[in-house]
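Keeping their order, the protein sequence lines are chains G and H.
Residues in the first sequence are numbered consecutively from 65, following the numbering used here.
Residues in the second sequence are numbered consecutively from 65, following the numbering used here.
These are calculated hints, taken from the structure and not from any lab test.
In this text, all values refer to a predicted model and were calculated from it rather than measured experimentally.
All the pointers check out, no bait thrown in.
The list treats identical chains as interchangeable, and a pair is accepted whether it falls inside one copy or across any two copies.
Pairs of lysine to aspartate or glutamate, EDC-like flavour, derived with a Cα cap of 16 Å:
#1 K382 / E319
#2 K382 / D425
#3 K317 / D465
#4 K382 / D465
#5 K184 / D200
#6 K437 / D357
#7 K382 / D466
#8 K437 / D528
#9 K317 / E463
Number of protein chains: 2
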Amino acid sequence: MRQPLNSVILAMALIAVPRAQSDAQVPATIEAYVAAHQREIVAELADLLAIPNVRSDGAGLRRNAEALRAMLVRRGLNAEVLETAGVPLVVGELRVPGATRTLLLYAHYDGQAVDPGGWKQATPFTPTMRTGRLEDGAAEITDFRTRATLEPDWRLYARSASDDKAPIVALCAALDALKAQGLAPTSNIRVLLDGEEESGSSSLGAALRQHRARFAADLMLFFDGPTHPSGRPTIVFGVRGNLGIGITVYGPKMELHSGHYGNWVSNPAMQLSQLLASMKDPDGRVLVKGFYDGIAPLSPAEETMLRDVPDDSAALMKLFGISRTERPGLSLQHALQLPTLNVRGLASADVGAGARTIIPDMAVASIDVRLVKETLAPAMAEKMRAHVRAQGYHVVDAEPDDATRARYPRIARVTGGGGTNGYRTDPSSAVSRAVTTAVTRAFGTPPVLIRTMGGTLPISQITDVMGFPAIVIPTVNFDNNQHSDNENIRLGHFFTSIRTIGALLRM
Amino acid sequence: MRQPLNSVILAMALIAVPRAQSDAQVPATIEAYVAAHQREIVAELADLLAIPNVRSDGAGLRRNAEALRAMLVRRGLNAEVLETAGVPLVVGELRVPGATRTLLLYAHYDGQAVDPGGWKQATPFTPTMRTGRLEDGAAEITDFRTRATLEPDWRLYARSASDDKAPIVALCAALDALKAQGLAPTSNIRVLLDGEEESGSSSLGAALRQHRARFAADLMLFFDGPTHPSGRPTIVFGVRGNLGIGITVYGPKMELHSGHYGNWVSNPAMQLSQLLASMKDPDGRVLVKGFYDGIAPLSPAEETMLRDVPDDSAALMKLFGISRTERPGLSLQHALQLPTLNVRGLASADVGAGARTIIPDMAVASIDVRLVKETLAPAMAEKMRAHVRAQGYHVVDAEPDDATRARYPRIARVTGGGGTNGYRTDPSSAVSRAVTTAVTRAFGTPPVLIRTMGGTLPISQITDVMGFPAIVIPTVNFDNNQHSDNENIRLGHFFTSIRTIGALLRM
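Let the hints inform the model, and build the full structure from the sequences given.
Right, dumping it as structure tokens:
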């Protein structure tokens, strides 16, 4: 039901003054609004999910952009599709008279590529409601659009259900819920919907520079990612960056008979193994010189923050089938405060039934280094190269030619170096405390506070240009099959996120 | 031209006495015979090569066996197709009155699998003559069967041209050449043609045991493999064995997000790298306990023998594009006297464009250990397992179950252990010296003497059962593309091998 105009005017007046006592009631009224409008909120999400949004489908992405612009306009935002060098951005603005703070709300509307064969439904863009987890044999609910009540354990399956269309629809529903109470946000709102997040947000930096004034804000709220597995509302103050490094160690120019030349021609798979082994001690500490440079010991307050995260390590270890973690004594949250050196892939000739008795001609490792705020990508890439050199390798950027082969006994090609920097804002800053307070008030209990989450989000690409801080508000279920087949959003998480976002709009 | 019967009778008489002075002329007369009969000798080889001989073609293998039996019968051998549990053997016998020595002549008639698409001719079983190396752009000679003269640099392309049908046809031609001079072999001859060499000669041991008396001999001459790259006639007194070992290091039960869990869940690709690195020092010496046990220092005579092999290390290094060998100071021949630990393949998740930001669930290495006479396969397999255990791994034979995962922090599956033992006979024994003398006499210059060749031949499978020594007589060009597309035999090597085999039949 639409609010009469005078309610809106009343709300617009309210925001010019400090938050009224009545705001204590806002969470409950949002919850009531959501309960009363479940069907139409979920229908709006399902309609959005039905528009294909993969990288290769430019027309589909543009249809998404147009639909999103219309959704923002319906909430009273001044919105447009903003062209970039690549996929367009969708931007929106809601100026609130008297507001002294401007929030930039970020989400993305593009999705990971799909392999339709792996999806247990007509297509990844045919939103499909189930009574629970597909893996648990949940039944499909074909008439969900006409059901009176939708259960919190139900899940809507479609590409981008969780990553990252649900937060956009939740934002729209939160604006509707406030409006229904005659409330406006307490901050000016700028919305930035990225269409290239899954492919690296490569056009975003230039667009931000070109339209800098339109994106100016005091704080960015970055809506992406899952809440803590405990299901509790979660606030994330930092993310790790990522740096992909490829290492190829070269052996003989061609594969050689392992009998005829074994012991005489060096084996690049063994050399690569020795090179990788030189990078970590047996307890998982990285030995690359300077790898941990600049990372200060944690303060008592930070230690407390990490300890308060309700991780269930034993349950995770059981789920993963491991009986020891990499660095005994380092909790999961502590582990996430440090950069990683992860061998994500190895390849050399063949194994198993296809193995042949040869000395391989090369061996390849793919490494991803997760970065923290203190360890910048370019410097880390150079440290990795320096380490390879220190092991006696001549480092090349391309296949070695004959002259290079004749000159250097050990040759490695090291690729990579772009990468995404990590990011972290101070959890004790005024704006961080305001966000924490707003979410605490919305639920009557403190959210899970994450100093640094393990994964990577393109936050530094924005904050490096714009200069204001960012806080991540993850909202979806952690078991959403993000980036995989059968991605889904649990309705309970989706409905809760409307409350969370509503609280932030009123903080 | 066939010899009149009385010449044959004369020859049969001759062999009862010590080798006559006239034997000094034998090499020259064999050479003359070959020169005069090039066309028919090559035609017989081409006809044999036209019969498909891959593992999967049982009917083709049997056609080969029948053709070979007929070829031996035409040379006066008592020959038959001998059934085994698998592909039949072809066996033949020529008893020579008065001979005090029996030679078992081994070759194999099966070939490696073929990928017809890689062959630059109608089929791998359409023998195709070229003026030289295909790789050098040699022209095809379609009318080679009617040419008066065949040039030594010409090559006949077909599967098994070198490996291993050429030696069989050369043996037949050598018998013909002797017969043309009224000569018989100076030893009793037993022929053993294996139809399963390329697939491991798995039926051979049982057949030998079942028909032990039929294969009894004083010496086995094993016709397989290439001569020294110098092209000089070559005698090989030992071969390395081979033991395939697979190692799988287990990580989490499923691939995990490298951001969410990096630094907390151990990485099996890194652990495998550390495990492999623990097996060799930087100078290529294997660190597995007991790896070199039982290998005595070389005697001065053995050192001389190795030094006399005319290896062109610089040319090989240039060809392979390497500027240093694995163990500086160890010559190629010295390297071949020791067992190897060769990583023939590595695999874990993906590299390159397909690399994903995950902690892999497992990492696999395929290793082949080339064995020498002193290092037996079963003991070496156990030493490898013991080494893995000594690095802190619980070694399993199958995928670890949840209970195993919960109990052991490091788990590795180690497979393999059958393997083929190495073999070596004493180059200074009477029979070894007789072989060396015969080949030296045939060419007027000493052959290349190889104490241990690097590759593996199934010699120990025969000598372990039969008890007599074996010597390998390789005859084909080293650049024959053995086991690959476009296998070929250089006619010069083929014709020379008839002289070599003739000399051995008269030794």
